[in-house]
Amino acid sequence: MDFGYLTAILFLPLAGIIVIALLPKPQARTIRLTALTFTLASFILSIAVFCLFDRSAGAIGQMQFEEKISWIPAINAFYHLGVDGLSLPMVILMTFLGFLAVLVSWKIELRPREYFIWLLLLETSILGVFCSLDLVLFFLFWELELIPMYFLISIWGSGRKEYAANKYLIYTLVGSAMMLAGILSIYFTTGSLGMMGLCGLSVASPVIPFAAMFFLLFIGFAIKLPMVPLHTWLPDAHTNAPTAVSVILAGALLKMGGYGMIRLCVSIFPEIALRYAPLLVALAVVGVLYGAAVTMRQRDLKRLIAYSSVSHMGYVLLGIFALSQISLTGAVLQMFSHGVITGLLFAMVGLVYDKAHERNLDNLGGLARRMPVITVVFTVAGLASLGLPGTCGFAAEFITFVGCFSSTAVGGIQIYTLLGVLGIVLTAGYILWMLQKVFYGSPLEKYDGVPDADNIEKVCIFSFVAVIMLIGVYPAILTDVIKMGIMPIVKLIGL
Amino acid sequence: MIISELQLITPELSLLVFALLVILLDLFIKQKKVLAGVSIAGLIVSAGFTLLMWGAPTVDIFYGMVAVDRFALFFKLLLLGAAGLVILASQDYVSKFERFQGEYYALVLLSTFGMMLMAAATDLISIYVALELSSISLYVLASFLKDQKSTEAGLKYLLVGAVASAVLLYGMALVFGLTGHTCLICIADVIQGLPIAGLLESPALLLGIILLIAGFGFKIACVPFQMWVPDVYEGAPTPITAYLSVASKAAGFAVVLRVFFVTFGAPVWLSLDWGMLFAVLSAITMTVGNVVAIVQTNIKRLFGYSSIAQAGYLMVGLATVGMAAGTDALGQSGLLFFLASYAVTNLGAFIAIIAISNRIDSDMIDDYAGMGKRAPLLALALTLCLVSLTGLPPTAGLIAKIYIFSGAIHHGLLWLVIIGVINSCISAYYYFRVVKVMWLEAPASEGKVPSSWALRTALFLCCLFVLLLGVVPGCFIGIAEAAARIFGS
Chain A
11 MDFGYLTAIL FLPLAGIIVI ALLPKPQART IRLTALTFTL ASFILSIAVF
61 CLFDRSAGAI GQMQFEEKIS WIPAINAFYH LGVDGLSLPM VILMTFLGFL
111 AVLVSWKIEL RPREYFIWLL LLETSILGVF CSLDLVLFFL FWELELIPMY
161 FLISIWGSGR KEYAANKYLI YTLVGSAMML AGILSIYFTT GSLGMMGLCG
211 LSVASPVIPF AAMFFLLFIG FAIKLPMVPL HTWLPDAHTN APTAVSVILA
261 GALLKMGGYG MIRLCVSIFP EIALRYAPLL VALAVVGVLY GAAVTMRQRD
311 LKRLIAYSSV SHMGYVLLGI FALSQISLTG AVLQMFSHGV ITGLLFAMVG
361 LVYDKAHERN LDNLGGLARR MPVITVVFTV AGLASLGLPG TCGFAAEFIT
411 FVGCFSSTAV GGIQIYTLLG VLGIVLTAGY ILWMLQKVFY GSPLEKYDGV
461 PDADNIEKVC IFSFVAVIML IGVYPAILTD VIKMGIMPIV KLIGL
Chain B
2 MIISELQLIT PELSLLVFAL LVILLDLFIK QKKVLAGVSI AGLIVSAGFT
52 LLMWGAPTVD IFYGMVAVDR FALFFKLLLL GAAGLVILAS QDYVSKFERF
102 QGEYYALVLL STFGMMLMAA ATDLISIYVA LELSSISLYV LASFLKDQKS
152 TEAGLKYLLV GAVASAVLLY GMALVFGLTG HTCLICIADV IQGLPIAGLL
202 ESPALLLGII LLIAGFGFKI ACVPFQMWVP DVYEGAPTPI TAYLSVASKA
252 AGFAVVLRVF FVTFGAPVWL SLDWGMLFAV LSAITMTVGN VVAIVQTNIK
302 RLFGYSSIAQ AGYLMVGLAT VGMAAGTDAL GQSGLLFFLA SYAVTNLGAF
352 IAIIAISNRI DSDMIDDYAG MGKRAPLLAL ALTLCLVSLT GLPPTAGLIA
402 KIYIFSGAIH HGLLWLVIIG VINSCISAYY YFRVVKVMWL EAPASEGKVP
452 SSWALRTALF LCCLFVLLLG VVPGCFIGIA EAAARIFGS
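Just so you know, the protein sequences line up as chains A and B, in that order.
Every number in our numbering is 10 more than the matching position in the first sequence, counting from 1.
Every number in our numbering is 1 more than the matching position in the second sequence, counting from 1.
Do not rely on the hints blindly, as some may be mistaken.
Chain B stretches covered by chain A per the calculated footprint, using a threshold of three residues with CB under 8 Å from any CB of chain A [stated by the list, open to error]:
#1 420–429
#2 475–484
Not everything, but these chain A residues come out facing chain B in the computed CB check (under 10 Å) [said to hold, decoys possible]:
#3 Glu-77
#4 Ala-84
#5 Ser-135
#6 Val-146
#7 Leu-156
#8 Ile-165
#9 Lys-171
#10 Ser-186
#11 Ser-195
#12 Tyr-197
#13 Val-217
#14 Ile-218
#15 Ala-221
Quick caveat, the hints were computed from the structure, so don't treat them as lab data.
Here a beta-carbon is modelled for each residue, glycine too, at the ideal position from N, C-alpha and C.
When you get a sec, could you build the whole thing from the sequences and use the hints?
Structure representation (structure tokens):
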């Protein structure tokens with residue numbers, strides 16, 4: 011493509027930052043509209059890329075919309091961007107969530123200028139992770155999201171925000187530190203940093219054993235996904251972050267972990283992935299069941315949704331390390347679907363808290379009469395989360411389970427799959443129980459004058475619902491694209 | 002012959018002339034700011050001469066005492082830049098010295114002169130003389146505030162420095178005794194000819210190297226020779242702390258690199274030995290520096306321990322040079338780039354600290370509360386430098402760490418790199434504590450933080466380079482690689 015679509019998508023939020031920073035004494039409204047314009051522009055461009063994406067059979071395994079400029083010749087690092095079937099849904103997810111996050115943040119009054127600057131920087135860095143095809147560039151964008159997250163959580167968060175921000179920062183830094191060691195050892199074994207050229211690595215003399223490189227990279231992604239037992243940063247970060255940040259954190263940041271696993275761990279080291287798949291599949295199932303079990307014990311609405319993320323990302327891990335065409339497609343679709351669904355769930359929690367000023371399940375009840383729109387949308391979100399047919403949650407989970415059940419990579423994976431399906435039952439349990447506690451039952455007097463969602467909020471949440479329904483009814487829109495990115499990877503695994 | 006060789010040290014000579022000029026003018030001029038201008042002019046003239054010599058072939062002069070190669074020129078530019086930024090930033094601080102402002106500028110220039118010679122010296126004697134010249138000026142500068150803490154700092158620096166110099170001289174004497182030469186290249190020839198295959202077979206060489214590491218280790222703030230750092234950094238005037246942390250360390254690393262790589266680099270067994278030694282020292286230094294920094298409450302002391310930790314990262318480069326045993330120049334160029342990045346970052350941080358501490362009259366971290374509201378640009382600059390010290394994008398610190406760690410992995414030091422990256426995570430805790438205090442807490446007192454245009458210019462330049470080195474490091478890495486070719490190697 012002659013017009014650098016990906017650079018534009020990536021740097022439009024950055025341009026937004028410069029504009030917002032240079033505005034002389036702006037009103038909060040101006041800042042919000044500026045942020046909205048730039049994120050909307052980014053989203054429209056990403057939809058354009060989606061429409062222009064070549065879905066023909068000849069384009070399988072090809073990176074599209076590539077841009078490559080020499081950046082640091084001394085270590086052979088390039089400014090190399092590109093999308094394929096694997097990263098394009100993630101890019102669309104991030105630009106979509108970025109746009110909606112601005113809408114969710116519409117009521118921020120404390121220091122709006124810095125808030126939107128950090129939010130836009132976060133969007134640029136996550137988009138950079140999904141688009142970059144050079145290991146150093148990937149690492150740079152991966153680390154770049156730490157600073158906005160630290161400030162967003164510690165300044166605009168709630169509860170133990172400084173503790174949560176610190177924990178998130180240091181936990182994630184340790185993971186990326188390991189990732190850096192892995193990236194550097196790959197560089198010195200092969201002399202190249204280009205992700206596409208490294209697929210199916212089989213060099214005679216690695217600097218350190220390939221399994222060590224795999225696990226160094228894997229730890230960084232496992233912390234991000236998060237994989238049990240490396241998940242303990244997630245409840246604190248999600249619960250104490252402001253609503254829009256929780257939306258982006260759960261919706262897009264966790265997907266960076268899954269994307270990294272597929273793009274780096276599985277593509278570059280397929281034999282090692284095959285060798286350790288049984289262990290990782292077992293850990294995935296543990297994550298699903300443990301996450302669901304802990305969720306049922308939560309009393310704080312936001313913490314409940316946060317723990318449910320741990321459980322749902324377990325399906326992603328299960329799908330990835332079942333290492334079959336269908337299960338990988340299901341995992342990527344689950345990443346997209348979970349992103350939208352959990353984004354909506356956190357947005358709804360934020361709305362309920364804004365209106366009712368209460369997050370504790372024991373004190374909430376009977377809100378359905380007062381806020382019908384919020385009730386309906388929250389119910390839709392909850393039902394999507396538990397995988398009701400007609401929503402994207404069902405499509406994703408079904409494809410993942412079918413793929414896992416029929417996979418030949420891991421012996422006895424059928425048992426793991428059935429245990430994973432048990433997770434859905436637990437999900438239904440806590441979702442329905444949560445909905446009943448918050449919305450149904452007799453109305454309480456203290457919530458008498460509580461308002462419903464206003465127009466901007468309605469636009470925001472209905473957009474989420476529209477996408478959930480669209481993908482739920484016709485998932486082929488996405489799976490056709492995802493398939494194209496997954497097929498070359500599956501070929502590398504060689505099953 | 003000597004006259005033509007004098008042409009090759011015009012940077013040093015011009016700096017010396019300007020230093021003496023400052024002392025002379027101090028007698029007649031009442032407006033001390035003029036002297037600052039003269040010093041800056043001297044630094045610019047000297048830098049101009051250095052740049053003119055960049056393309057010339059390497060040559061050694063004065064019978065092998067001093068070399069003019071790209072390595073030395075790189076350090077001269079770095080030191081001149083650091084001195085210039087420090088003098089610019091001192092404008093807000095010099096009012097604290099009731100008298101002797103002229104001597105302050107002259108001493109900074111003389112110390113720079115000494116350090117420039119240190120970076121270019123290729124003979125044990127000239128190294129020692131240059132080291133003493135720069136150190137003595139720094140001893141005086143450390144005690145310039147004449148209050149209790151400053152005097153204690155100066156005295157501690159003098160005493161510990163004197164002991165270190167004595168140990169260094171003893172090591173040099175042992176090496177001279179073993180080889181019969183003081184010129185680095187001649188020593189290298191003799192050592193190569195020695196009929197031994199292990200360091201333990203030659204007690205003189207072993208003891209000589211250990212004492213040299215002890216003597217130089219004091220200068221580069223390596224554990225276990227780092228005890229002076231926190232006290233001296235805390236007590237000295239803040240611009241001098243900045244100067245110490247950047248220029249003195251850079252010159253120290255220049256000397257260590259030159260001595261070890263040229264003199265002891267040739268026999269592979271020797272190179273691997275001191276490479277491993279530096280690797281272990283590096284691991285200990287980073288860990289001690291980072292762990293003790295966690296509990297600090299004074300920001301200058303915090304930066305003291307932080308520079309001990311950064312010296313640890315720099316020593317990873319030294320270890321790589323050793324383990325490479327001459328096969329490539331990754332260690333050298335990594336070290337040089339990290340020094341450049343560390344210089345701009347640390348100077349930027351200290352310049353912001355000078356302005357803020359001046360206003361609130363305190364160096365305690367808790368008194369920095371709410372600086373994000375009172376002085377947003379200063380706080381932003383300090384935050385940028387702290388982020389760079391941690392090693393996060395898009396700053397120079399990340400690229401420097403990637404570059405120096407990549408060299409280490411290439412030469413089999415993966416364990417050191419893992420210790421290094423874990424230490425970066427530990428350091429995030431205390432660097433971000435300062436960030437948190439500035440941006441999240443309510444201001445302890447009110448009012449704007451004034452700063453002179455000179456300080457703001459210096460701060461702007463530092464932050465600009467921090468971002469440039471982080472986003473488009475290509476040409477700077479090229480410069481580091483070009484400078485890594487050391488004379489005599």
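Results of checking the hints against the structure:
1. Counting residues of the region 420–429 of chain B whose CB falls under 8 Å from any CB of chain A gives 5; the rule of at least 3 is met.
2. Counting residues of the region 475–484 of chain B whose C-beta lies closer than 8 Å to any C-beta of chain A gives 4; at least three are required, and the coverage claim holds.
3. Evaluation of the Glu-77 (chain A) hint against chain B yields a violated restraint, the C-beta minimum of about 16 Å exceeding 10 Å.
4. A least Cβ separation of about 4 Å between Ala-84 (chain A) and chain B falls short of the 10 Å threshold, and the interface hint therefore holds.
5. For Ser-135 (chain A), the interface hint holds, since its Cβ comes within 10 Å of a Cβ in chain B; the closest pair sits about 8 Å apart.
6. For Val-146 (chain A), the shortest C-beta to C-beta distance to chain B is roughly 7 Å, which falls under 10 Å, so the interface hint holds.
7. For the restraint placing Leu-156 (chain A) at the interface with chain B, the shortest Cβ-Cβ distance is roughly 6 Å, inside the 10 Å limit, so the hint holds.
8. The restraint placing Ile-165 (chain A) at the interface with chain B holds, with a minimum CB-CB distance near 6 Å, inside the 10 Å limit.
9. Interface hint status for Lys-171 (chain A): upheld, as the beta-carbon distance to the closest one in chain B is roughly 9 Å, under 10 Å.
10. Given the 10 Å rule on beta carbons, the hint for Ser-186 (chain A) holds: about 8 Å separates it from the nearest Cβ of chain B.
11. For the restraint placing Ser-195 (chain A) at the interface with chain B, the shortest Cβ-Cβ distance is roughly 6 Å, inside the 10 Å limit, so the hint holds.
12. Checking Tyr-197 (chain A) against chain B by beta carbon gives a least distance of about 6 Å; that is within 10 Å, so the hint holds.
13. The closest approach between the C-beta of Val-217 (chain A) and any C-beta of chain B is roughly 6 Å, which is under the 10 Å cut-off, so the hint is satisfied.
14. Look at Ile-218 (chain A): its Cβ gets to within about 6 Å of chain B, closer than 10 Å, so that hint holds up.
15. Given the 10 Å rule on beta carbons, the hint for Ala-221 (chain A) is violated: about 14 Å separates it from the nearest Cβ of chain B.
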